[in-house]
Amino acid sequence: MMKAWYRGWIYGMCAMGWLVSVQASEMVVTVQTHFVGEPVTEVVVDEATISRLPQYEIVTGTPWDDGVHSYRGPRLLDLLNRLGIKQGRQVTLHALNEYSATLPFSDLRDFSVILAHSQDGQPLSVRQRGPFFLMYPFDELPRLKSKLYYARSVWQIDRITVE
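Throughout, the numbering used here is defined as the position within the sequence shown, counted from one, plus 4.
Hint data in this document are derived by calculation from the structure and do not stem from the laboratory. Incorrect hints may appear among the rest.
Straight-line distance between alpha carbons at most 25 Å, and here's what the computed SDA-like set of lysine to any residue pairs gives [to be verified]:
1) K149 with D111
2) K90 with F39
3) K90 with S116
4) K151 with F39
5) K151 with R79
6) K90 with G65
7) K90 with V49
8) K151 with G41
9) K90 with G71
10) K151 with R131
11) K151 with G65
12) K90 with T34
13) K151 with P58
14) K90 with Q59
Full structure from sequences and hints, please.
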């Protein structure tokens with residue numbers, strides 16, 4: 005009887021650990037709005053919502069990796085539009101390591117930046133700059149190859165604030 009109870013307890017704990025690891029690995033990003041005269045809003049966007057958006061690919065080199073890589077994800081503008089955010093003055097991207105960068109809302113339209121969730125067909129883990137990495141089309145538009153745009157290419161994004 006004790007062996008059966010113990011074995012059930014072990015299996016139960018293993019299952020719980022599996023569930024926790026699945027939940028912890030799900031890609032989520034929090035989107036906040038801070039518009040003058042309006043209440044602050046906050047929405048947590050899950051992996052399913054992101055995967056239902058049209059997916060785009062940017063093939064480019066970056067100063068952080070050797071060679072050219074393929075980055076895939078939705079356009080950030082599409083994600084914000086899906087949430088009812090059609091305009092703003094600026095967007096601040098916040099990373100897991102407390103780094104943040106602010107870019108004009110116009111960058112979303114002018115450069116079709118994507119919220120990359122995979123590189124070369126593999127999901128971006130936190131170790132590989134995930135869960136999300138804002139990617140500009142650097143090779144397609146060489147004028148973007150500058151410190152200004154590199155600094156805006158935040159990785160490990162976990163929160164987006166629109167003002």
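- Task: Please work out if K151 and R131 have their alpha carbons no farther apart than 25 Å.
- Result: holds, 23 Å
- Item | Given pair status - R79, K151, alpha carbons within 25 Å | It holds: about 22 Å lies between the C-alpha atoms, which stays within 25 Å.
- Query: Within a Cα-Cα threshold of 25 Å, do K151 and G41 meet the stated pairing?
  - Reply: violated, 34 Å
- Given the hint that K151 pairs with G65, does the C-alpha gap stay at or below 25 Å? holds, 14 Å
- Within 25 Å, alpha carbon to alpha carbon, are K151 and P58? violated, 29 Å
- Query: For the pair supplied as a hint, K90 and S116, is the alpha-carbon distance within the 25 Å limit?
  - Reply: Given that 25 Å is the threshold and the Cα spacing comes to 14 Å, the pair holds.
- Query: Can the restraint linking K90 and Q59 be considered satisfied, given a maximum Cα separation of 25 Å?
  - Reply: holds, 19 Å
- Item | Pair hint outcome, K90 versus G65 [Cα-Cα no greater than 25 Å] | The hint is violated at about 30 Å.
- Message: Hinted pair, alpha-carbon criterion (25 Å max): K90, T34. Please report holds or violated.
- Response: Distance of about 17 Å is within 25 Å: holds.
- Given the proposed pairing of K151 with F39, does the C-alpha separation stay at or below 25 Å? violated, 29 Å
- Query: Are the Cα positions of K90 and G71 separated by 25 Å at most?
  - Reply: Roughly 35 Å separates the two Cα atoms, so the pair is violated.
- Item | Agreement of K90 and V49 with the hint, judged by alpha carbon distance not exceeding 25 Å | holds, 17 Å
Of the numbered hints listed earlier, those contradicted by the structure are 4, 6, 8, 9 and 13.
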